[in-house]
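Okay, here's what each chain looks like letter by letter:
Number of protein chains: 2
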Amino acid sequence: MPWTATPDDDRRFMDLAIEQARTSWDEGGVPIGAVLVHEGRVLAAGHNQRFQQDSAILHGETDTIEKAGRLPAAVYRESVLYTTLSPCIMCAGTALLYEIPRIVVGENRSFEMSEALLAERGVQVDVLDDPACIALMERMLAERPALWSEDIGVDEGASTKGAR
Amino acid sequence: MPWTATPDDDRRFMDLAIEQARTSWDEGGVPIGAVLVHEGRVLAAGHNQRFQQDSAILHGETDTIEKAGRLPAAVYRESVLYTTLSPCIMCAGTALLYEIPRIVVGENRSFEMSEALLAERGVQVDVLDDPACIALMERMLAERPALWSEDIGVDEGASTKGAR
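Residue numbers (my numbering), protein chains in the order written: chain A, 1 to 164; chain B, 1 to 164.
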């Protein structure tokens, strides 16, 4: 029988993603973290690297998938991706490429860009609406707005694309 | 007046992308290359790094965007992305995140996964149907099929997703 995450599992893995987000914040970066889980085992944990590695493509989710290394297609298809913030379309596209069937999202109040596309293509997206994730993004928007705007490809001061 | 690529420009930049693809093949990797151009100037050139860096996320296009570094939103929005093969949905998502308005594709006979999505969202996709790009992929499919299947997230020997 394939592994199915319980609500307790979701909580535990989201807490790991939040830890990653906090680490990134402490490093001066964007506080978004993620964890990739297969059969209840953490394959990799990562966080946004825009500031730390001057990266345009290492968001929380892509950094995590990169850190998980080269995996067989079958592993991605049985994995769950946990992320503190609703994925941008680059990260959604990455999940769709590898056919990751479920994404657990910390919150989507601060930013939401791809959930309709993911749902359309059969990905299960579960949003926890987690206060800790919301607080991380509120601090980001208040204290590092330019870094955040850069991270989602909008001009400094512009409103976030697709934000609710 | 904003810069507009002529057909000669397209040819020249696609040739640079092909050079990148050939370099990747010679290194033992996936022969897909890309170039990002702004106002007629090459910002970065890159190629697939699955084999070379054991990377799950550095395709030709994402490697190129990563190599271009942290750019202002306005630069992406005036840039053209040249790629030897029609982009997968991860790379299409990356172009959509940064609102790159035009993608010039070497060929889409070997693989096509995202052109409808790109067109839907207003990206101009021009396909050159270039024999050199087709030949690169034919050799790849014949000589390194497992590496290619891994690169697009399908099991070894499975048919390519969305392939025509």
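Because the hints were derived from the structure by calculation, they are not lab data. Check before you lean on any hint, since a few could be wrong.
[Said to hold, decoys possible] On the chain A side, residues computed to face chain B include the following (Cβ under 7 Å):
no.	residue
1	G40
2	L43
3	F51
4	Q53
5	I57
6	E66
7	R70
8	A73
9	V75
10	I89
11	M90
12	A92
13	Y98
14	P101
15	V154
[To be verified] Over 12 Å on every C-beta distance to chain A, these chain B residues come out as not near it, computed from the model:
no.	residue
16	A56
17	L58
18	T64
19	L71
20	R77
21	V127
Yeah, the Cβ is synthetic: ideal placement off N, Cα and C, and Gly gets one too.
Going through the hints against the structure:
Hint on G40/A is violated. Least Cβ distance to chain B is approximately 21 Å, over the 7 Å limit. For L43/A, the interface hint is violated, the least distance from its beta-carbon to any beta-carbon of chain B being 11 Å, above 7 Å. Annotation: F51/A was flagged as interfacial toward chain B, and the flag is violated, the nearest CB pair being 9 Å apart, outside 7 Å. The closest approach between the C-beta of Q53/A and any C-beta of chain B is roughly 9 Å, which is over the 7 Å cut-off, so the hint fails.
The beta carbon of I57/A comes within 5 Å of a beta carbon in chain B, closer than 7 Å, and the hint placing it at the interface holds. The restraint placing E66/A at the interface with chain B holds, with a minimum CB-CB distance near 5 Å, inside the 7 Å limit. Annotation: interface hint on R70/A holds; nearest CB of chain B at approximately 5 Å, less than 7 Å. Using the Cβ-Cβ criterion of 7 Å, the hint placing A73/A at the interface with chain B is satisfied: the shortest such distance is roughly 5 Å.
Evaluation of the V75/A hint against chain B yields a violated restraint, the C-beta minimum of about 10 Å exceeding 7 Å. Here the hint on I89/A is kept, as its CB sits about 4 Å from the closest CB of chain B, short of 7 Å. For M90/A, the interface hint holds, the least distance from its beta-carbon to any beta-carbon of chain B being 4 Å, beneath 7 Å. Hint status for A92/A relative to chain B: holds, with the closest Cβ pair at about 6 Å, below 7 Å.
With its C-beta approaching chain B no nearer than about 4 Å, Y98/A sits inside the 7 Å limit, and its interface hint holds. Against a cut-off of 7 Å between C-beta atoms, the interface hint on P101/A is violated, since the closest Cβ of chain B lies about 12 Å away. Satisfaction of the interface hint for V154/A is found here, the shortest Cβ-Cβ separation to chain B being roughly 6 Å, below the 7 Å cut-off. Some Cβ of chain A comes within 12 Å of the Cβ of A56/B; the nearest lies about 5 Å off, and the non-interface call is violated.
The non-interface label for L58/B is inconsistent with chain A: the shortest C-beta to C-beta separation is roughly 8 Å, within 12 Å. With a least beta-carbon separation of about 10 Å from chain A, T64/B fails to lie farther than 12 Å from that chain, contradicting its non-interface assignment. The non-interface label for L71/B is inconsistent with chain A: the shortest C-beta to C-beta separation is roughly 7 Å, within 12 Å. Chain A draws R77/B into its interface by the beta-carbon criterion, the shortest separation being 8 Å against a cut-off of 12 Å.
No beta-carbon of chain A is positioned within 12 Å of the beta-carbon of V127/B; the least distance is around 20 Å.
This entry does not satisfy hints 1, 2, 3, 4, 9, 14, 16, 17, 18, 19 and 20, going by the numbered hints stated previously.
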